[in-house]
Amino acid sequence: MRHTSSFRDPSGHVFIEDGIVKRTIFPIYFQQYKTLKASTFFDKLFEAELLIPHQELSETDEEITIQPEQIPFITYPYEWSFNQYKEAALLTLKLQKYCLQHDFSLKDASAFNVTFHKGKAVFIDTLSFDFYEENQPWRAYKQFITHFFGPLVLAHYHGAQSLKLLQNFIDGVPVKMIASMLPFRTRFNAVLYSNIHLLAKFEDKHNEDYEGKQNTSSLSKKAQLNIITVLFDFIKKLKLKEHTEWGNYYSKTNYSDSAFNEKSRLINTWVSNLKSKTLIDVGGNDGTFVRHINYKYELALVGDIDNNAVDINFETMRRNRETKILPLVLDVLNPSPSIGFQNDERDSFIKRIQKFNPEATLALALIHHISLSGNVPFEMSAQFFAAFSNYLIIEFPKREDSWVQRLLNTKGEFKEHFDFYNLEHFKATYSNWFEFIEAHHLDNSERILFLLKSKHD
Amino acid sequence: MTYLLYFDPGLGAMILQAIVAAVAGVVLFSKNLLYKIKLFLGIAKPEKEDLFDDIDVKDSNIDQHSESKE
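Chains U and X are the protein sequences, given in the same order.
Heads up: take any position in the first sequence, counting from 1, add 276, and you land on our numbering.
Heads up: take any position in the second sequence, counting from 1, add 22, and you land on our numbering.
Treat the hints loosely; a few may be bogus.
What the hints assert, rightly or not - In silico DSSO-like pairs for lysine-lysine, Cα to Cα no more than 27 Å straight-line:
1. X:Lys-58 - U:Lys-512
2. X:Lys-53 - X:Lys-80
3. U:Lys-627 - X:Lys-60
4. U:Lys-691 - U:Lys-703
5. U:Lys-310 - X:Lys-60
6. U:Lys-627 - X:Lys-80
7. X:Lys-53 - U:Lys-515
8. U:Lys-517 - X:Lys-58
9. X:Lys-58 - U:Lys-600
10. U:Lys-497 - X:Lys-80
11. U:Lys-513 - X:Lys-60
Think of the hints as simulated: they come from the structure by calculation, not from any bench.
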């Protein structure tokens with residue numbers, strides 16, 4: 277059956293057979309595919325880990341079927357941190373340069389063609405390579421601007437929240453909108469003026485007199501390479517202006533080093549005993565606790581609401597060349613929705629995490645935020661956790677905890693409304709969904725770490 | 023040759039690329055010039071180790087080297 281996200285490109289489509297993602301290629305793309313296959317094009321990209329590797333399964337006159345290396349969990353552009361987004365953009369430009377050197381060209385530059393796998397950005401649309409036609413401009417240029425360059429530049433000026441724009445604009449953020457959101461002074465920057473402000477003007481001007489014409493302009497390969505090189509250099513230097521509020525969270529926590537170590541040791545022991553191959557830390561900050569687990573898990577997702585914390589996690593991964601952690605931006609109170617045609621093109625976070633079905637979930641220093649800042653009742657958070665994982669390691673800060681007190685005090689006269697937030701009620705409610713396996717009071721703190729097992733397998 | 027036109031590349035965007043490329047040419051030229059001046063004056067900073075690789079796929083570099091040897 278055809279995958280619901282795979283219908284835009286007539287070259288072929290992705291389908292799922294017995295849970296395995298495969299790709300059908302139609303005769304319209306045979307010439308391109310066979311040319312690439314006969315050369316070293318694919319092999320070199322596989323070796324450089326820039327394109328997801330595939331194997332050919334079958335070949336007939338009607339269709340060719342390939343099977344790509346399976347990616348356990350797909351993250352979307354609006355779940356990437358700033359540097360992840362940057363890496364995906366740079367990867368796309370790098371591929372286009374490589375294509376041009378081999379007389380090919382990327383026919384699209386959608387940000388959804390990239391995801392993160394084994395610690396790096398990887399291109400996943402194997403059918404995006406088309407023949408380069410002499411002196412043709414880059415057909416995917418505008419797409420690159422609206423999917424990558426625009427959001428990144430906006431993030432530079434307005435903060436990482438701008439990277440979530442693709443959630444609303446699945447086909448790229450409108451150029452006019454990007455241009456209107458940029459500060460006036462960006463008009464005096466040659467790169468920003470030509471690639472965004474002028475583009476917005478040109479698109480506006482030619483919007484109405486479009487008669488389906490093509491080949492109305494020509495551009496030498498050298499000139500196209502100049503565009504790509506300048507965009508690459510510009511993006512590579514882009515930085516976020518804002519500073520992190522959670523980035524140095526661990527230096528602001530209200531418990532001692534010994535409690536931190538104790539917590540870390542305990543998590544390590546439990547995960548090792550459970551032999552959990554797959555994990556998710558739903559409020560994992562920069563991945564500190566996952567990184568302290570010695571057990572050789574296959575993949576640990578580390579979500580956090582703060583783009584900067586996810587970014588620190590990603591940078592740490594890059595520096596240490598780690599491959600088993602997948603950092604993502606995750607707001608538990610508003611996870612990514614299903615979007616696109618029929619709401620079926622990009623799956624919601626909940627749908628993807630249920631399918632991924634991590635063997636254990638970590639929820640550390642999170643429940644008081646969900647319950648007291650988000651006002652989510654215990655039965656609803658319990659249902660949430662029970663829906664995708666068998667084991668839950670959850671830290672419960674008691675009512676006496678200083679953070680809890682702080683959150684309660686912000687409630688003012690409604691403080692009593694949150695009387696439900698106490699250990700007895702937590703245990704009573706969660707026991708409807710979970711079996712309490714172990715509990716450990718962290719030294720010198722008002723926090724308890726629980727190991728729970730879901731009652732619904 | 024059949025191009026697989028399955029999305030609108032934007033006519034404006036196609037025409038504009040000639041101008042963007044001209045600007046890019048100037049940007050690259052002045053960058054190189056500035057770098058050469060700095061190098062001459064001995065104030066060029068050594069490249070810091072970056073989180074990201076450069077634009078060239080490593081193998082394609084090898085490719086070019088072997089081609090030039092032939």
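Cross-check of the supplied hints:
1. The hinted pair formed by Lys-58 of chain X and Lys-512 of chain U meets the criterion: a straight-line CA distance of about 21 Å does not exceed 27 Å.
2. At most 27 Å may separate the alpha-carbon atoms for a hinted pair to count; Lys-53 of chain X and Lys-80 of chain X meet this at roughly 24 Å.
3. Between the alpha carbons of Lys-627 of chain U and Lys-60 of chain X the distance comes to roughly 55 Å, so the proposed pair goes past 27 Å and is violated.
4. For the proposed pair Lys-691 of chain U and Lys-703 of chain U, the alpha carbon gap of about 21 Å is at most 27 Å, so the pair holds.
5. Restraint check for Lys-310 of chain U and Lys-60 of chain X: the C-alpha separation of about 48 Å exceeds 27 Å, so the hint is violated.
6. With a CA separation close to 38 Å, the supplied pair Lys-627 of chain U and Lys-80 of chain X exceeds the 27 Å bound.
7. A distance of roughly 20 Å separates the Cα atoms of Lys-53 of chain X and Lys-515 of chain U; the hinted pair therefore holds under the 27 Å criterion.
8. Between the alpha carbons of Lys-517 of chain U and Lys-58 of chain X the distance comes to roughly 30 Å, so the proposed pair goes past 27 Å and is violated.
9. Taken as a hint, the Lys-58 of chain X and Lys-600 of chain U pair is broken in the structure, with Cα atoms around 43 Å apart against an allowance of 27 Å.
10. Restraint check for Lys-497 of chain U and Lys-80 of chain X: the C-alpha separation of about 21 Å stays at or below 27 Å, so the hint holds.
11. A threshold of 27 Å between alpha carbons decides the hint, and for Lys-513 of chain U with Lys-60 of chain X the separation of about 19 Å falls inside it, so the pair holds.
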